[in-house]
Amino acid sequence: MISWLKEHGYWPFHVAWSDWIPTLWDGLLKTIEYAALGFLAAAVLGLVLALMRTSRIALVRLPAGIYTEVFKNVPLLVIISVTYYGIVQFGIKLGVFEAGALSLAIFYAAYLSEIFRSALTGVHGAQREAAQALGLNRWATFAHVVFPQALRLALPGTNTMLVDLLKSTSLLTVIAAGELMAVGNSVASQTFEQMEVFLVIGAIYFALCYPLSQALLWLERRVQAGSPLSPARSRRLRAARVLLDAA
Amino acid sequence: MNGGPVPVITIEGLVKSFDGRTVIDNVDLTVSQGRIVSVIGQSGGGKSTLLRCVNLLEIPDSGRIVIAGEEVFAGGRVVCADLARLRQSVGMVFQRFHLFPHLTAVENVMLAQRKAAKVPEKQAIETAVRLLKRVHLGHRALAFPDQMSGGEQQRVAIARALALQPKVLLFDEPTSALDPESTREVLQVMRELADDGMTMVIVTHEVPFARRISEWVVFLDGGRIIEQGTPAEVLDHPAQARTRAFLTSFDDVQPAELTDQESHS
Numbered sequence: 001m002i003s004w005l006k007e008h009g010y011w012p013f014h015v016a017w018s019d020w021i022p023t024l025w026d027g028l029l030k031t032i033e034y035a036a037l038g039f040l041a042a043a044v045l046g047l048v049l050a051l052m053r054t055s056r057i058a059l060v061r062l063p064a065g066i067y068t069e070v071f072k073n074v075p076l077l078v079i080i081s082v083t084y085y086g087i088v089q090f091g092i093k094l095g096v097f098e099a100g101a102l103s104l105a106i107f108y109a110a111y112l113s114e115i116f117r118s119a120l121t122g123v124h125g126a127q128r129e130a131a132q133a134l135g136l137n138r139w140a141t142f143a144h145v146v147f148p149q150a151l152r153l154a155l156p157g158t159n160t161m162l163v164d165l166l167k168s169t170s171l172l173t174v175i176a177a178g179e180l181m182a183v184g185n186s187v188a189s190q191t192f193e194q195m196e197v198f199l200v201i202g203a204i205y206f207a208l209c210y211p212l213s214q215a216l217l218w219l220e221r222r223v224q225a226g227s228p229l230s231p232a233r234s235r236r237l238r239a240a241r242v243l244l245d246a247a
Numbered sequence: 001m002n003g004g005p006v007p008v009i010t011i012e013g014l015v016k017s018f019d020g021r022t023v024i025d026n027v028d029l030t031v032s033q034g035r036i037v038s039v040i041g042q043s044g045g046g047k048s049t050l051l052r053c054v055n056l057l058e059i060p061d062s063g064r065i066v067i068a069g070e071e072v073f074a075g076g077r078v079v080c081a082d083l084a085r086l087r088q089s090v091g092m093v094f095q096r097f098h099l100f101p102h103l104t105a106v107e108n109v110m111l112a113q114r115k116a117a118k119v120p121e122k123q124a125i126e127t128a129v130r131l132l133k134r135v136h137l138g139h140r141a142l143a144f145p146d147q148m149s150g151g152e153q154q155r156v157a158i159a160r161a162l163a164l165q166p167k168v169l170l171f172d173e174p175t176s177a178l179d180p181e182s183t184r185e186v187l188q189v190m191r192e193l194a195d196d197g198m199t200m201v202i203v204t205h206e207v208p209f210a211r212r213i214s215e216w217v218v219f220l221d222g223g224r225i226i227e228q229g230t231p232a233e234v235l236d237h238p239a240q241a242r243t244r245a246f247l248t249s250f251d252d253v254q255p256a257e258l259t260d261q262e263s264h265s
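Just so you know, the protein sequences line up as chains A and B, in that order.
Okay, so the first sequence: first residue is 1 according to the numbering used here, each after it adds one.
Okay, so the second sequence: first residue is 1 according to the numbering used here, each after it adds one.
Bound conformation, chain A alone (with noise of 0.2 Å):
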């Protein structure tokens, strides 16, 4: 079948990948590293930016309101493009990794600060009143009562930017980053099979963002049916239920 189809020309495939995987490979865990670094900091960042716009005072949610409307209307792409070339004016010069890693971050913190105030304002205020009435300090109430319930508001949002991160990592190639783009530029100017090279690099992309995507979706419904998502949880939960049918 195949050497009919090469035979009659209809075999879509010119390049050797076979001699590519490697390269590849590289370009793929690139990617990742790329996804995972800046998405980490992209949410601490952002969570960061959202406590302090949610603080009552002026002079520190000011800043923070500042920061979010800046590179929430800059476009990634010239925010690469500062970190990278521009700073270098000043005489800083940050390595292609630190300056990608760094983009996506300062970017995606902008849209996550967004997701994380309005999930935070989303938790009754009530319920830090109970959780103060029972005694428990500013941070018992933060960690166990408005951050739990705050992270349900916020994974629907927060899932989506984490896929949109992914993707966006393909705009790292205007500074050589070696990421999965980038490869997929050099194989396709090394073969001039545009075509081909590129399909294959999205059918890449889409591998890994699509299970990404679906696994995260069946976190958010097991966080939104109150699953217990750690051991200790489990294990408080199954001591309650020995005890209950113990009587």
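Accuracy of the hints is not assured; some may be wrong.
Here chain B is said to cover these stretches of chain A; the calculated rule only asks that three of the stretch's residues, wherever they fall, bring their Cβ under 8 Å from a Cβ of chain B [stated by the list, open to error]: (1) 91–98; (2) 134–141; (3) 234–241.
Worth flagging that the hints you see were computed from the coordinates, not collected in a lab.
All C-beta atoms, glycine included, are put in the ideal place defined by N, C-alpha and C.
Fit chain B to the known structure of chain A by using the hints.
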């Protein structure tokens, strides 16, 4: 102390205002151990605010509050160094329950034990299960709040408040958001707590219940205590015109219902 009444809550000259509007106006109140005090009055009369001042969810403007012998508010400021510990000794039950929706009933009762009172996990679970059984909800221990009726949620909230072994329980209109069946369940549990000698302050619209359960009734109007005394004094023979007017507003409903029933029979 040779058997004299031990005050659990002492409030003197309490004043609280919001945006220049005085909500609590120079209130004095003492709640002794084992006593059940009902606070009645019109909505907006300051009942809930008074309750919320006791555990300092609202910070009063002036006056003095002493909880279990410890001065917690005086001279216009909080003098209790450890607010969290104070609140552990003052349990509170809210009108709209405010259970933690991400946790099961048993975890709701466990949380403050573990994270506020630092009770070992095993003991916290045992206490939680015991208390849920005490409010007749052993079979619902693993349900989430949104799977429970209002009456069940409020009983879990009572168990949650009891879990820290408070010296007094504050109830803020505990049945106002409930249907009659749920109201009965919750009042039943409160009656059982009363029989066990729990000290309770109950802000309520349920005048008949207040009459049956409490030893002391306080009528609050416009932020002032208009009248206080035994249920017989305040509810049956009110000395003040405003108390009478308030109680009459409840009576209005009942004769009408009776007439209605009679006309049917």
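Practice item. With a C-beta cutoff of 8 Å, work out whether three or more residues of the stretch 134–141 of chain A approach chain B closely enough for the coverage to hold. Key: holds (count 5)
Exercise for review: Closer than 8 Å, Cβ to Cβ, for at least three residues: run that test on the stretch 234–241 of chain A against chain B and report holds or violated.
Suggested key: holds (count 5)
Practice item. Three residues minimum, CB to CB under 8 Å: does the stretch 91–98 of chain A make the cut for coverage by chain B? Let me know. Key: violated (count 0)
Against the hints set out earlier in the document, a violation occurs for number 1 only.
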